[in-house]
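Those protein sequences? They're chains S and L, same order as listed.
Here the first sequence is numbered in this note's numbering, starting from 1 and rising by one per residue.
Here the second sequence is numbered in this note's numbering, starting from 1 and rising by one per residue.
Rather than coming from a laboratory, the hints here were simulated on the basis of the structure.
Heads up, the beta-carbon is just placed ideally off N, CA and C, and yes, glycines get one too.
Some hints could be false.
[Stated by the list, open to error] Below are the BS3-like pairs computed for lysine-lysine, each with C-alpha atoms no more than 27 Å apart in a straight line:
(1) S:K102 to L:K129
(2) L:K127 to S:K77
(3) L:K63 to L:K26
(4) L:K98 to L:K49
(5) S:K77 to L:K74
(6) L:K97 to S:K97
(7) L:K35 to L:K49
[Said to hold, decoys possible] Computed Cβ-Cβ distance ranges for the label pairs, DEER-style:
(8) L:E124 to S:P185: 34 to 42 Å
(9) S:R114 to L:E124: 22 to 30 Å
(10) S:L23 to L:D85: 22 to 30 Å
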Amino acid sequence: MNWRRLNNVLHRDLGYLAAGLTLVYAVSGVAVNHRQDWNPSWKVEAETRTFAPVPVSDREAMTAALVERLALPGPPKSSFRSAPHLVELFYDGWSVKADAAKGTATIERPRGRRVLREANFLHLNEPKGLWTWVADVYAVVLALLAVTGLFVLKGKNGLSGRGKWLTGIGVAIPLLALLVLLWRPGDRGPRGEGESEAGGGGAHRGMGAGRGAAGPSR
Amino acid sequence: MKKPLAALVLALLAAAPALAATKYGKPLSNATPVKVSELMAKPDAYVGKVVKVEGLVTEVCPKRGCWINVAGDKEFQTIRVKVEDGVIVFPLTDKGKKVVAEGTFTKMELTKEQALERAKHHAEETKTKFDPASVTGPQTVYQIMGTGAVVD
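Work the whole structure out from these sequences, hints included.
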């Protein structure tokens, strides 16, 4: 078996092996890219109710009154007040936020987004432990797929033909992005997130602005 | 071909206990927990120190699961445990559960503009109404930069 035959066999079989996880990571990647705008794993179903206001007293008495007035299924597992009239009741997997003075309550039920919740769980390596190794192996497989993919074909459709142009574009895209987003005249090297013009001789454009050490946290 | 597949299935099964765990981040130390009320009463005595707190999760970052608010021993008091994005992700269903969390107690001095920005950001995250009048001046914010937590 010559080297190109071996390369192609490797590329084919690694491709089969990586197909499933690649789809999982691709779907999750798009979802997570937009997490500034939404929670990619969870959605909250909220239901607003009104009730006859409950006078401010001790938490237990207010909780009991709210359970009755909102017709909730029994006492909550736990409760909390952030202010004398603001009571939160916690049930298994859902909660109630009530303004006893105004007589308004919101029942919140978090629901995992189907498929996305599970895909993000794996993609963001929430399980840690052994999954970290699976993900590392997958990353190596992806790298091998990229390298072996370059040498699958020879001739005008191979790396020496149109392949070199497409590969060049693929390499140029991240380099151009870095140039446009990070580099400024006078830069001597990469900076950490949040480094300011005064502190680092330049500022990121469009990345990390306003998130210095003293800035507000999320 | 069947052997590698069987090995993969076995590996995933071995990972199953980790999937069920409610431990986040680094393991907790054996230190005695500090009461939230104690932190609130004498915050400057704890700034820069590693503290462990226990209490009730009253709120979870609704967008990224990157912080939780923990209520302690006294009413109307909570302390925020902020964790590094992606390193620890608290699910929304942790709300209302008991937690023991550990990390470095930090102090942030915010100008009025920063405090306004913070309040606005929080309102956006929690989909609540932003009231600029709620910020009247510079603020000092204390929180725990969490490194590990166990949720019951």
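Against the structure, the hints come out as follows:
Distance restraint check for K102 (chain S) and K129 (chain L): the Cα-Cα separation of roughly 16 Å lies within the 27 Å cut-off, and the hinted pair is therefore satisfied. At roughly 25 Å between alpha-carbon atoms, K127 (chain L) and K77 (chain S) fall within 27 Å of each other, so this suggested pair holds. At roughly 22 Å between alpha-carbon atoms, K63 (chain L) and K26 (chain L) fall within 27 Å of each other, so this suggested pair holds. Taken as a hint, the K98 (chain L) and K49 (chain L) pair is honoured in the structure, with Cα atoms around 23 Å apart against an allowance of 27 Å.
Annotation: proposed proximity of K77 (chain S) to K74 (chain L) holds, straight-line Cα distance about 18 Å (limit 27 Å). A threshold of 27 Å between alpha carbons decides the hint, and for K97 (chain L) with K97 (chain S) the separation of about 15 Å falls inside it, so the pair holds. For the hint linking K35 (chain L) to K49 (chain L), the alpha-carbon distance of about 14 Å falls within 27 Å, and the restraint holds. Between E124 (chain L) and P185 (chain S) the CB atoms are about 35 Å apart, so this pair conforms to the stated range of 34 to 42 Å.
Between R114 (chain S) and E124 (chain L), the C-beta spacing of about 26 Å keeps the proposed range 22 to 30 Å intact. Distance hint check for L23 (chain S) and D85 (chain L): the Cβ-Cβ separation is about 24 Å, which falls inside the suggested range of 22 to 30 Å.
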